[in-house]
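Using the sequences provided together with the hints, build the complete structure.
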Amino acid sequence: MEYFVQLFMGGLTRGSIYALIALGYTMVYGIIELINFAHGEIYMIGAFTALIIASVLTLHGFNEIAIFVLASLAAVIYSSAYGFTIEKIAYKPLRHAPRLSPLISAIGMSIFLQNYVLLAQTSDFLPFPGLIPEFGFMKKYEHISSSAELMIFLTTAVVMVILTCVIKFTKIGKAMRATAQDRKMAMLVGVDINRIISITFIIGSALAAVGGVLIASHIGQINFYIGFIVGIKAFTAAVLGGIGSIPGAVLGGFILGWTESFATGYVSSDYEDVFAFALLVLILIFRPAGLLGKSGSQKV
Amino acid sequence: MQKKSEIKKSLLVSLWFMFLTFPIMVIRVNPVEKLVEWRWRNMVIVGVGSFVLSFVWRYMLRQKEAGLKRIYAGGRYKIPSIQRVSEDRRLFIPLLAVLSVFVVIFPFIFSAYQVNIMTTALMYVVLGLGLNIVVGLAGLLDLGYVAFYAVGAYTYGLLNHHFGLGFWAVLPAGAFMGALFGILLGFPVLRLRGDYLAIVTLGFGEIIRLVLENWNDLSFGPSGIANIDRPSFFGMQLSLQSATVYIYFLMITLALFTVFVVNRLQNSRIGRAWIALREDEIACQAMGIDKTKTKLSAFALGATWAGMMGVFFAAKTTFINPASFTFLESAIILSIVVLGGMGSIAGVIIGAFVLILLPEYLRAFSDYRMLMFGAILVIMMVFRPQGIISNVRRTYKFEGINVPGEKNK
Amino acid sequence: MLKLVNVKTFYGNIQALKGVDIEVSEGEIITLIGSNGAGKTTTLMSISGITSPGSGEIFFRGRPIHNMSPDKIVSLGISQVPEGRHIFQKLTVMENLHMGAFLRTDKDSISEDIEYVFGLFPILTERRHQAGGTLSGGEQQMLAISRALMARPRLLLLDEPSLGLAPKIVKQIFGIIRKINSEQKTTIFLVEQNANLALQVAHRGYVMENGKIVLEDSSDRLLSNEAVKKAYLGL
Amino acid sequence: MKAVMEIKKLTVDFGGLRAVDHLDLEVKEREILALIGPNGAGKTTLFNCITGIYAPSEGSMSISPPGKKPGTINGLKPNIVTRKGITRTFQNIRLFPNMTVLENVMIGRHCRTRARIAGAVFRGRATVREEQATVEYSYHILEKTGIAQYVNEFAGNLPYGAQRLLEIARALATEPFILLLDEPAAGMNPQETGVLDDLISKIREEEKIAILLIEHDMRLVMSISDRIAVMDYGKKIAEGTPEEIRNNPVVIKAYLGEEFVA
Amino acid sequence: MKYISGRLFLTAAVLLSMMITISCTKHESGSIKVGVAGAHSGDLASYGLPTVKAAELVVKDINARGGILGRKVELLVEDDVCKPEVATNTASKLLSQDVHVVLGHICSGATKAALGIYKESRTITMSPSATNPPLTQSGDYPNFFRTIASDDAQAKLEVDFALDILKLKRIAVLHDKGDYGKGLAEFARGFLEKSGKAEVVLYEGITPGAVDYSAVVQKIKNSGAGAVIYGGYHPEASKLVMLMRKKKMGTFFISDDGVKDVTFIKVAGEYAEGVYATGPMDVSKNPLAIAANDAHKKTYGSDPGAFFLNAYAAAQALLNAIEKGGSTEYKAVSNALRTEYVDTPLGKIKFDERGDAIGVGFSMYQVKNGEYVEVK
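Heads up: the protein sequence lines correspond to chains U, Y, E, C and G, in order. Reminder that position 137 of the first sequence reads as 137 in my numbering, one-by-one numbering, no gaps. Reminder that position 60 of the second sequence reads as 60 in my numbering, one-by-one numbering, no gaps. Reminder that position 35 of the third sequence reads as 35 in my numbering, one-by-one numbering, no gaps. Reminder that position 139 of the fourth sequence reads as 139 in my numbering, one-by-one numbering, no gaps. Reminder that position 216 of the fifth sequence reads as 216 in my numbering, one-by-one numbering, no gaps.
Keep in mind the hints are simulated off the structure, nothing from the lab. This one's a predicted model, so the numbers in the text were calculated from it and none came from an experiment. Glycine included, C-beta positions come from ideal geometry on N, C-alpha and C. Any given hint could turn out to be false.
As the list claims (entries may be wrong) - Computed beta-carbon distance windows for the label pairs:
1) T134/E - T241/C: 33 to 41 Å
2) E126/E - K253/C: 15 to 23 Å
3) M1/C - E216/E: 50 to 58 Å
4) V267/U - Q237/Y: 40 to 48 Å
5) V267/U - A169/Y: 35 to 43 Å
6) L35/Y - K368/G: 18 to 26 Å
7) T299/G - V32/Y: 20 to 28 Å
Spelled out as C-alpha cells, the structure:
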C-alpha cells in the first residue's frame, strides 16, 4: 500500500509538470489551432533563465528566498517574452496559410531554439540549485513524498485555479473563449485578436516557465534538450484530455503522470514512453476528441 | 518621415532583442565551477544584427504582400518557370540530355565521398517522394514516417543477420513489410482528423523506435546490427570503391522508378481520389469514394517506399541501430516535402538536395548547421509557404470529345 | 455618415470589389441587393475592417477608417451582424450579449441595454443562461442582432438577416429592424438576397453586380424599376 | 407509381437533441418531392442520415432501385450509399476548388470505375480505355448541365451559380436513381433560379430519376414539385401537393406565415 | 521525368561547381595523413573534441621534431555527430582524401558503421573511447584498435566489487537504454547470474530526459536491493543518486566510467559522497600524463575533457607504429602496433591480437570529500 501511495505521489508530481506545460499547448491550440511545437523549448528557456539568474544572484550573496523569488520571476518574464516573440515571428505571418505551414514553422522554431541555447550556453548538463525550500512538517512524510514534490503539486493546483478563474470570469478570459470559438466574430465585436493571441502565448509560456523552474529544482539539472521530450509528453497529455480544454489538459497531465509512474512501478520502466504513447493512441481511437473534448458533430 | 518611423521601429526591435537574449546570450554561468562570464560583446552583436535584420524582414514581408497583390491584380497565377520549361520541348530535351550525362559520369569524376553524399541525397529524394504521397497528395500529416523506414531497415538487418538473405531478396520483403505496417498502423488511426493523426503517427513512430531499443532479443537493442551485406552485383560482392558507384547507380534507378510511379499515380483515378480527399472529405464520401480505403492506400504506399529505402539504408551503411530513426529524421523528411513544395515532384527533389547537400557542404559552419536548419524552416514558411516549387499539378486539359486530353505520355 | 469611395478589394485570387461607391446618411436604412457572389458581404467586411481594401477609401463621419483595425472600427460605432449569425456557440446568451459590449466600460448602462434587447426579443430572456449553440435559427438571429446592439452602434450592418429562416420569423425580424431604426435612430445598412423584403423596409437601395454598383435609387423607384423587377424580384 | 425509397419511423438523436423524430417518407419513381420547413427542422439531418453520414438512432430506410434488388441502406457507409444510387449536393457548396471542373465530375465517376494502383502504374489498355470513357462521360454531363464552357477552369474560380450547377453535374456522374438536392437555389438570383428550375425538370425527364429537394425558395418549390413534405422540429407536419400545402393551416402557422396566403 | 527542369538544373549546376571547388582542395602528397573522426558538433561534441585536441598536441610535438620517416604529419578532422549514417560518409570522405590511419570514431555505433568502410580499404583505425566489446572480440575488424578497455571488463569489475568486497546478495541493475549503458548492464547482469552469489532483483532501463525518476527510485527501494549497478552517463546517474539520497536511501551506487567524471560530483554535490565508479587506471602519477595535461592547459587554457589521455595515447601509438613499421602500409603498421611497446600517458602499451590495448584496464573509485579516490 505504501508503495502504491509513493507511486501515486510520484505520478502526481510528474503529472503536475505535464499539466502545467499541457495548458500552454491546449490554450494555443484552442485559439489558433496550432500545435506549438516550440512550447517545450519555452519551458527549457524558462529553466535556463532561472539557472542563470540564480547563479548570478548567488555570487552576489543574496539569501535563498530572494533568489528563489527573483529567479522564478525572471524565468516567467523571459519565457513570456520568448513566447510572445515566437508568435510574432513564426506564427503571426502565417495566420492565413494552409494548416501545415505553421506546424512546420513551429518545428523549425523548436530546432532553432534548442540550438540557440546549445550554442550560447553549453551542451552539458548543468546542476540546478534546489530552489524549493524544505518544509519542516514534511519530515514525517518523507518516505512518501518530499517537500519539493508537495510544492510542485500545490503550485500547479493554485495556478490551475487562478487560470480557470481568469478564463471563466474576466473580460480577457471571455475574449479568449470568444476568439477560440469564432475569430472573425470576435473581431466584429471589437476584440483585438492579435492582442488576445499574444496574451494566450504569454500566459501559456509563463505556465511553462513555472513548470520549468519547479521540475529543474526538483531534479537538479538541466540541459538544452530537456524541452523536447517533455514537450511531446505534455502535448500528449493535452490531446489525452481533449485539446482546447483547460480542465482536460490538467486531467490529461495527471493521467499521463500516473500511467508512467504505475507502469514503471508495476511493470517496467523500459517501456515507460511506450505506455504513454500507447495510451494516447488508444484514447484517440476510442474517444477521438480526448477525454473531456467535445466531439462536435461535423457540420455538413 | 517614413524613413524615421522605419528606423524607430528597427530600433525598438533591436532593443527588444537585446533584452530578450540578455540572459542566454550575455551571461554564461558555470554553476559547477561557480563562474559567471559576461559577454557584453554578444549584446552588441544581437543589437546590431537585429537592427539590420528587422529591415530585411519587413522588406521581405512587403515584397511578399506586393507579390500577392500582383497575382490578384493580374487575376491569375504566374506560370512557374519550371512548368514553362517542361512544356517547351526545345529547352527541355537538351536540358534533360545534359542532366543525364552529368548523372552518368558523376561517379567517375568525383570522389567516393561525393558519390556517397549524392546517394544519401537521392535516398532522401525517394523518401520525400514517398512521404509526398501521404502528405502532399492525400493531405495526411504523418510525423512518424521514419517508423516505416526503420521497419524496412530492420527487415533487411535481421534477415541478413540470421538467414544471410541478400539485398535483392529482401528489397521486396522490406517494401512489403513497410506496407504491412502502414496498413496495421493506418487502419485504426486514419479516421482521425489532421492534427490528431499527426500526433498519433508521431506516437507510433516513437513506439517503434522504443521497441527496437528495448526488445533486445529481437533487435539487439541500442547496439544495433553490424556487418550487414552491401547489395551484390549478380551474386558478386563488390569492393568498396565499386560498391559505392554501384549503390549510386542503384539509387539513381530507384529514384527514377519512384518518380515514374508517383507521377503515374498522381495522374490516375486513385491519384484524383487522393487529391479530392485532401480537398473535402465529406464531399468525397458523398461521391462514392471509400475514405478509409483510399487513405489507407496512400498511407500504405508511402510506407512501402519508406520500407524499401530502409532496406537500402541498411545495405548502404551496413550498420543500423535505433538512433537513426528518431523524430528528427521524420521532421527532416517532412521538411523536404514542405520546403520543396507539397505535392510537387520536382519540388521534393530540389527540397531533398537543398536540405541534405547544403548542410553537408557547409560543414565549416557545422556548429550552426542545426540552427540554420531551424531558421530556414521558419523563414521558408513565412515567406514562401508554397515551397520552392509550388505545386504545378498537371490537370486534365479537355480539348475536344475525340481527343481526350489526357496528355501525359 | 458612411462613405465608400472607389473601394477595390481582393479576396483570394478573385477581385471581389471593383470600385464601389456608396454613401449612407445619418438615420437612414439603406439596402444593398444583388445576387450571391456579387460582393455584398465583401463590402460589409471591408467596412468592418476584416478584409482590408486593396485600394480606395472609406470614411465614417468624416474619418478615414480603411486602414483601421476591426476593433477600432467597432469602437467608432459600427457593428455588424454577419451572415450566418456567428453566435459564440459555447457562450451563454448573457455572455454573448456581454461580448457585444466588449469595448464598453460603463457597467450600469450595459445592464440597461441588456434589458432593452430583452424587451425587443422577449424569447431571449427565457434563454439567457442557455449556450448560444442550443438556440434555434430564429433565436440565434435575434441574439446576433441583440449582440450587435449591445455595442450601441451608430451604424448597424446587417448581412442577410433572413437567411434560412421561416417566412414567419423573417417578418418579425424585419419589424424589429424598422423599430430599431425609428426608436434608436440607428443608421442601418442592410444586405439582402430577398430584394423584395429589403426594399420594403429600406429608404434607399443600391444594386450590385460583379463587384460594382450598377444602380442606386430610392426604394420605391427600385421596386418599380423594370430591370430590377426582372433580375431580383422575379416578377 | 412505385416507391423507390421508403423511410419509416426514422429518428436521429444528437446527445439530448432529437433532430429527426419518427419520420415517415416515401419517394416515388421519377417524382420531384420537396422538403420544406424552418431552419433546424431536421431537413439536412435527414439528408445526412439517408446518405450515411449520420447513423439513425431508430427506424428504417429501404430502397428499391429500378431494375435492381431492393434492400436497406441503414448504417451503410456514405460511399456505399452512393454506389447504390443515392447521391446528393450540399447546402454550402462542397466542390474540390483546386481541381478543374472536368476533374470534379470525374471524381463523381469514381464509384463507377475500377482502375487500381497497379493499373495506374502500368497503365494497361483497360485503364487507358476507362480513363477515356470517364473523360467523355464527364464532358457529356457538363454539356447536359450547361456548364461545358468551364471545362478546364478550376472549380473554385467559377461564378457562384455555375458552382451550384457543377455540384449537380458531379452528383449526376455517379448515375443515381435518387438525387438529393440541398437548397440548390440558395444564393441564386431569380434568373439563375429559372435556369435551375428548367434543369431539374430536364434531369427528371431525361435521366428518369427521382429528386428529393430541400428548398426555401417557395416559388421554385411550388412550381416544380409534384409533392411537398413539411418538417418542423424533426417531425413531418404535412405532406401533399403544392396546392394542398399552400392552404394547409398547420403549415401556414409553423412556416409560411399569414402573409403567404395572400 | 518531364518535371525535372530549369531550376533543378540550375541547382545541379551550382552544386556541381561547389563540388569541384571542394574536391580540388587535395593535399600535397608526402605528408602522413591522420584522420580524426568523431562528434565535433552537437550535443555529444564534448566527448569528441578532446580527441581533436589530443591529436593536435601530439602532432605538433612530432612535427616540431621533424615529423616521422622524414614526413610531416597532417590532421584531417571530420565530424560524424555520433550518428552511424553520417559516420559512413565521414569515413568515405576521409578515405577519398587518402588518409593513412584514422583516430576515431568516438561513439561505438558510429565506429561500427564506419569500420565496415575502413576495413575494406585496409585502413588502421584506433578509437580512444569506443568500448563496445564486439568491436574487438568479434574478430570482424582486424584493422581496429583501441586504447580503452571494453565494457565487459568494467562490468566484471563492478560485479566482483559488489559481490566480493561489499558482499551483497540483492542487486538492482539499471541502464539508460543507450548503446553503452545497456551493453554494460547486460554484461553486469550476465556476470551476476553466472556467479550465483547474488540475485538480480531489478533490471530496467530509464529514459534519459524524462521529467522525473521517482517511480524508478521507489521501485529500487521496494525491491530491497543493497546496491544499484548503473550503466550510463553521469547526468542520469546524478539525478538517480540525488533522488535516492533525498529519499533517505542508503543503497550503494556502483557505476561506470561514464559517471567517473568530475562533473558528476559537482552536479550531485554532497549527494555524490560514497558513490562507486569504475574508471581507467589511475595515471595521475604518470609523468607523461602530467605533461600531456599541462600541455593542454598551456595551449587551450583549460583542463582537458573526456578521453583526452586515451586519445593522446592512441595518437602516439599510431604514429609510433608508422615510424617503427617504417611505412604507412597496413601490414607494417598493424604489426608494429601488436609488437612494439610505446610510452604513453596510459603507461607502456601495445595491442593484443584482437586490438585491445594491453596494460589498459579499470580500477574502482569512490567519491570521498568531493573527489574520486581509488579504492585500495
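Results of checking the hints against the structure:
The hint said 33 to 41 Å for the Cβ distance between T134/E and T241/C, and at roughly 36 Å that hint holds. At roughly 21 Å, the beta-carbon separation of E126/E and K253/C lies within the given 15 to 23 Å, and the hint holds. The beta-carbon spacing between M1/C and E216/E, approximately 51 Å, falls within the hinted interval of 50 to 58 Å. A C-beta distance of roughly 45 Å is found between V267/U and Q237/Y, which places it inside the suggested range of 40 to 48 Å.
Between V267/U and A169/Y the beta carbon distance is about 38 Å. The supplied range of 35 to 43 Å therefore holds. As the Cβ distance of L35/Y to K368/G is approximately 25 Å, the hint placing it in 18 to 26 Å holds. T299/G and V32/Y have their C-beta atoms about 22 Å apart, which keeps the hinted 20 to 28 Å range intact.
Against the hints set out earlier in the document, no violation occurs for any number.
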